[in-house]
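Sequences are here, hints too, so could you generate the full structure?
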Amino acid sequence: MLESLATFIVEILAGLAIFVAMLAALAGAMAVVIAPFAWLDKFLRRHPRLQSAIYEAKLRLGPALVGVAMVVICWAIGRAVV
182 MLESLATFIV EILAGLAIFV AMLAALAGAM AVVIAPFAWL DKFLRRHPRL QSAIYEAKLR
242 LGPALVGVAM VVICWAIGRA VV
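Quick note on the working numbering: the sequence shown kicks off at 182 and runs consecutively.
These are computed hints drawn from the structure, not numbers from a lab. Among the hints, erroneous ones may be present.
Unchecked claim - Label-pair distances were calculated between CB atoms; the ranges are: (1) Tyr236 with Val262: 31 to 41 Å; (2) Lys223 with Ser185: 45 to 55 Å; (3) Leu221 with Glu184: 40 to 50 Å.
A virtual CB, placed ideally from N, CA and C, is assigned to each residue, including glycine.
Structure below.
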């Protein structure tokens, strides 16, 4: 039981290290990623109710979804490596 927990933690930490390295490698491509969000921002300024609904959902669900996604991604990368 303890060994499987230790393996799980090692997998997550290894995945986190690789994930951070991948993010650093992708930092140069951020202009390509940001461009669609500029269009989306212009669109949402014309639709204030939709903008409000998205903002509320982002505030409530955003941190939880990011946390779950980070754990799953790091575990998957770590499992592939370890």
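(request) Confirm or reject the claim that Leu221 and Glu184 have a C-beta distance inside 40 to 50 Å. (result) holds (47 Å)
(request) Could you check the hint for me, namely that Lys223 and Ser185 are 45 to 55 Å apart, CB to CB? (result) holds (50 Å)
(request) Could you see if the CB distance from Tyr236 to Val262 stays within 31 to 41 Å? (result) Given range 31 to 41 Å: holds, Cβ gap about 37 Å.
This entry satisfies every hint, going by the numbered hints stated previously.
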